[in-house]
Each structure stands twice: as structure tokens, then as C-alpha cells.
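Trainee: In case you want the letters, here they are:
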Amino acid sequence: MRKWVEMLSGAIAVVLLILVVSCAPAGPNTSSYGEDRAQIEDLQARYLFALDSFDLDTYVSTFTEDGILDIVEYQVQGRDAIRKSLEESRSVFDPSTENEQGPYPATSRHNITNIVLKIDGDKAVGKAYWFHYGNNNPERRAEIDAYGHYEDEMVKVNG
Amino acid sequence: MRKWVEMLSGAIAVVLLILVVSCAPAGPNTSSYGEDRAQIEDLQARYLFALDSFDLDTYVSTFTEDGILDIVEYQVQGRDAIRKSLEESRSVFDPSTENEQGPYPATSRHNITNIVLKIDGDKAVGKAYWFHYGNNNPERRAEIDAYGHYEDEMVKVNG
Amino acid sequence: MRKWVEMLSGAIAVVLLILVVSCAPAGPNTSSYGEDRAQIEDLQARYLFALDSFDLDTYVSTFTEDGILDIVEYQVQGRDAIRKSLEESRSVFDPSTENEQGPYPATSRHNITNIVLKIDGDKAVGKAYWFHYGNNNPERRAEIDAYGHYEDEMVKVNG
Numbered sequence: 814m815r816k817w818v819e820m821l822s823g824a825i826a827v828v829l830l831i832l833v834v835s836c837a838p839a840g841p842n843t844s845s846y847g848e849d850r851a852q853i854e855d856l857q858a859r860y861l862f863a864l865d866s867f868d869l870d871t872y873v874s875t876f877t878e879d880g881i882l883d884i885v886e887y888q889v890q891g892r893d894a895i896r897k898s899l900e901e902s903r904s905v906f907d908p909s910t911e912n913e914q915g916p917y918p919a920t921s922r923h924n925i926t927n928i929v930l931k932i933d934g935d936k937a938v939g940k941a942y943w944f945h946y947g948n949n950n951p952e953r954r955a956e957i958d959a960y961g962h963y964e965d966e967m968v969k970v971n972g
Numbered sequence: 814m815r816k817w818v819e820m821l822s823g824a825i826a827v828v829l830l831i832l833v834v835s836c837a838p839a840g841p842n843t844s845s846y847g848e849d850r851a852q853i854e855d856l857q858a859r860y861l862f863a864l865d866s867f868d869l870d871t872y873v874s875t876f877t878e879d880g881i882l883d884i885v886e887y888q889v890q891g892r893d894a895i896r897k898s899l900e901e902s903r904s905v906f907d908p909s910t911e912n913e914q915g916p917y918p919a920t921s922r923h924n925i926t927n928i929v930l931k932i933d934g935d936k937a938v939g940k941a942y943w944f945h946y947g948n949n950n951p952e953r954r955a956e957i958d959a960y961g962h963y964e965d966e967m968v969k970v971n972g
Numbered sequence: 814m815r816k817w818v819e820m821l822s823g824a825i826a827v828v829l830l831i832l833v834v835s836c837a838p839a840g841p842n843t844s845s846y847g848e849d850r851a852q853i854e855d856l857q858a859r860y861l862f863a864l865d866s867f868d869l870d871t872y873v874s875t876f877t878e879d880g881i882l883d884i885v886e887y888q889v890q891g892r893d894a895i896r897k898s899l900e901e902s903r904s905v906f907d908p909s910t911e912n913e914q915g916p917y918p919a920t921s922r923h924n925i926t927n928i929v930l931k932i933d934g935d936k937a938v939g940k941a942y943w944f945h946y947g948n949n950n951p952e953r954r955a956e957i958d959a960y961g962h963y964e965d966e967m968v969k970v971n972g
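Chains as they are written, first to last, in this note's numbering: chain A, 814 to 972; chain B, 814 to 972; chain C, 814 to 972.
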């Protein structure tokens with residue numbers, strides 16, 4: 814499993830997501846570009862916090878019920894299937910497992926930058942860069958170790 | 814002091830801030846999620862520019878008068894006390910001091926990503942990732958050397 | 814040419830841009846801070862996607878016709894001149910050229926964070942951090958290798 818992450822290192826990792834904007838409505842301005850973009854940026858940030866803390870309830874809630882997680886040639890559809898696949902790949906994503914020995918548990922951080930969003934009504938398509946740093950080495954030294962980009966398809970559900 | 818930064822490297826550094834959104838009002842839409850988020854993102858960016866350039870006037874202005882700076886178990890309350898504590902820790906934050914020898918002064922950069930914000934009226938709570946890179950080595954080589962996350966509490970003062 | 818990138822590494826690289834917000838109008842709220850900031854963040858992200866994929870048509874479209882690209886003491890004005898200078902410096906910016914040997918082509922990624930924006934009507938000034946990572950080494954190992962900051966001047970053209 815560790816190998817899989819390293820395979821991604823530096824390669825173009827395309828991740829296709831169907832996400833649900835599950836925030837409460839933000840008031841009367843929710844239909845403008847700025848309002849929608851703000852909600853989506855927040856969603857993307859919550860998605861990555863959930864991934865890095867291996868909080869699967871929150872993680873799958875960022876997908877629609879029939880959402881698709883697509884990592885290069887690895888595709889999973891539906892919240893239950895996505896949760897199951899993450900659980901099976903726990904050693905890849907959960908920093909509390911398969912740690913290199915060190916003075917304290919290693920941590921893992923996925924970051925998103927350069928968010929491009931095209932929004933059309935209740936649908937949005939986006940792309941963004943992601944990069945990963947962590948400290949899964951004996952010295953718990955911070956190091957960047959992988960990057961790629963996202964391609965997202967999003968729908969707005971219940972506001 | 815240098816040791817303190819390295820201690821943070823890779824550890825979960827929780828920073829609790831009470832910040833003041835001191836921007837001028839942005840027009841009639843200031844009460845929506847998108848408008849508030851835009852102001853807060855700008856505030857967070859100005860906060861980090863001020864920190865990395867050791868511009869303490871601007872830095873303390875991003876806190877409320879009774880704001881709290883909380884770095885793990887290190888807590889300071891009030892603008893004057895925060896300024897004093899930063900001045901005493903200058904060698905930690907100001908890249909122009911305690912430089913490793915090199916062809917030009919070293920620089921220090923804190924970055925914020927993955928900003929999650931919940932906004933309720935004039936109050937907001939947020940979390941975000943931070944990471945730090947710099948070139949405080951003899952070759953002035955760029956290197957990531959620390960990361961953590963913020964937990965912020967914010968209030969909106971004077972618009 | 815490779816030397817030029819390394820010269821930037823860790824140095825303060827000031828880039829002065831005049832960008833055009835060429836997005837379609839986002840509805841009736843385009844004149845607020847949040848709406849303008851959202852459009853500008855999108856523009857900055859598209860700018861960097863275009864740069865890293867060496868998509869010069871998109872790249873120059875983010876400048877006004879008489880826009881200025883200013884990298885430290887290297888200044889170019891006008892879309893045609895900017896395109897020409899990028900073409901002449903292709904080996905600096907296009908990861909598909911001058912690659913270190915490796916199992917697949919190297920890639921290059923510029924990221925923007927800490928975006929500070931002051932917006933006044935159809936004009937905006939901004940500053941932000943940029944950093945660059947890539948894998949232009951024989952192992953295609955991810956590594957951060959340069960950073961600096963942007964200083965932008967922007968105008969809003971055709972909405």
C-alpha cells in the first residue's frame with residue numbers, strides 16, 4: 814500500500830469527485846459566483862481535514878450518495894463503497910497506522926491550492942492542485958512527498 | 814529559540830486566535846457567507862504577511878484588543894502582551910536574525926491552506942492547515958520545515 | 814536557463830502583473846468584495862495552471878493587452894511580447910523540456926497562497942506568496958525548490 818502513494822508521487826494524479834455542498838444555506842446571496850465558490854472552498858477544506866484525520870463519516874458525507882471517487886484507474890462509486898475502499902486502504906491514508914518509528918505518531922496532510930471553479934446553476938466543475946506533506950520518518954521531519962491535481966464535478970443538493 | 818520551531822515541526826500545533834476583521838465594510842453584502850469568508854481569508858493572509866515580515870504593528874492589529882495567541886501551551890492575551898512576547902521571541906520569527914550564514918539574508922514563510930470556516934452572525938470559528946518553508950541554510954535552498962493547524966475564533970468589530 | 818530558476822530559489826521574487834478579469838459576469842453581485850475576490854482567486858489559479866502546462870494562449874489572456882510581466886529586473890509589456898519572452902524561456906517553465914532523465918516526464922507546479930487583495934471599484938492591488946515544487950530529478954521525487962511573492966495590479970475589463 815505504501816507503494817501506491819509513492820507511485821503517485823510526482824505523477825499526475827487525477828481525482829474525479831462528485832461532491833455534495835451540504836452546508837446550510839448562507840442567506841439570500843447563495844446563487845452568485847462568490848457565494849457558491851465560498852461554499853465549495855469550505856467543502857474542499859472539510860474534505861481534506863476528514864481524509865487526513867481518517868474521519869470516514871465526514872469524508873463520505875462530502876460525496877453525493879452516488880458520488881464517484883476516481884484516483885487514476887481506481888474508481889469507486891457510492892458512499893458505502895467509498896467508505897469500504899478507504900477502510901481497506903487505511904494504511905495508505907491513516908497516519909496512525911504503518912508509522913515509521915519515531916518519538917510520536919506521524920501525521921499526514923493533503924493541501925489544496927490554485928482552485929479553479931466554473932459554476933453553472935447547481936452544477937460546478939473544478940480543478941485544483943493538491944500536494945501532500947507529512948513526517949513519516951524516524952526524525953518526524955516535515956517533508957513534501959507527493960502532489961497531483963484534482964478534477965471535480967460537483968452538484969448542489971438541498972441548498 | 815530555534816529549538817522551539819523545530820519542536821513544532823510535524824507536531825500538531827494548535828493556535829487559537831481571536832482576530833478582528835478590521836477591513837472597511839465591503840458594501841451592502843457584508844452579511845453573507847461569501848462576503849464574510851472573503852474578509853476572513855484576507856485577514857488570515859495579512860496576518861501571515863505581518864508575521865513573516867515581523868511587522869508587529871500590523872500583526873497585533875489582527876487581534877482584538879483582548880485577543881489570545883495560543884501556541885500549544887504557550888498563551889498570551891492582549892495586543893500589548895502579544896507584541897511583547899513576539900519581540901522576546903524575535904529570533905524565532907524574524908528571518909533577519911539568527912540567520913545561518915549565506916549569500917543573502919534568509920527568509921521565512923508561513924502559509925495557510927484548507928480553510929474551514931463556520932460563520933454565525935458576527936462570530937466565526939475556523940480551522941486551517943499551516944506549513945512553513947524557508948531557506949535558513951547555507952545554500953539558501955528552499956525547504957519545508959514545519960507544519961500544523963490553526964483553530965481560530967473570530968469576531969467582527971466595526972464591520 | 815535552469816540557473817535562473819535556481820537564482821530565484823529563496824530570493825524575494827517580485828512579480829508585478831496587470832491582469833484582466835475576463836470571467837463572465839457572475840450575476841448582480843459582482844461589485845462586492847466577496848464577488849470580486851472570488852473572480853480574482855479564480856483568475857490567479859487559471860494563471861498558474863496555464864503557466865505550468867505552458868498553455869500560452871490562456872496564459873497571455875490573463876494579462877490586459879498592455880499588461881506587464883515583471884520578474885525582479887526582467888520586465889515585458891504587452892501580450893505578444895510576454896508570449897514571445899515565455900517562448901524564449903520555454904526551458905525554464907515547460908516541464909516537458911530539459912528534463913532530468915527519469916521514468917516519465919517531470920512536472921512543475923507553481924502554487925499561490927496567502928492572497929491579500931485590496932479592491933477599489935474596477936481596480937485591485939494584491940500580494941500573495943508563491944512557491945514551486947516539482948520532480949525534476951532522476952527519481953521523480955517531489956521537492957519544493959523555489960518561492961517568492963507576487964505583487965499584482967489588476968483591472969476589471971468587460972465585467
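Worth double-checking, as some hints may not be accurate.
Any copy, or any two copies together, can satisfy a pair, since identical chains are not distinguished.
What the hints assert, rightly or not - Below, a list of computed lysine-lysine pairs in the DSS-like style, where the Cα atoms sit at most 30 Å apart:
1. K969 - K897
2. K897 - K936
3. K969 - K931
4. K897 - K940
5. K936 - K969
The set of hints was computed from the structure by calculation and includes no laboratory data.
Trainee: Check K969 against K931 for me: Cα-Cα at most 30 Å, and say if that holds within a copy, between copies, both or neither.
Mentor: This pair counts as both: shortest intra-copy Cα distance 13 Å, inter-copy 18 Å.
Trainee: Please sort K897 with K936 into within, between, both or neither, judging by C-alpha distance up to 30 Å.
Mentor: Only inside one copy: K897 and K936 sit 27 Å apart there, 37 Å across copies, limit 30 Å.
Trainee: Which holds for K936 with K969 at a C-alpha limit of 30 Å: within a copy, between copies, both or neither?
Mentor: both (6 Å within a copy, 26 Å between copies)
Trainee: How would you classify K897 and K940 at a CA-CA limit of 30 Å: within, between, both, or neither?
Mentor: both (26 Å within a copy, 27 Å between copies)
Trainee: For K969 vs K897, is the C-alpha pair at or below 30 Å within one copy, between two copies, both, or neither?
Mentor: within (25 Å within a copy, 42 Å between copies)
In summary, this structure violates none of the numbered hints.
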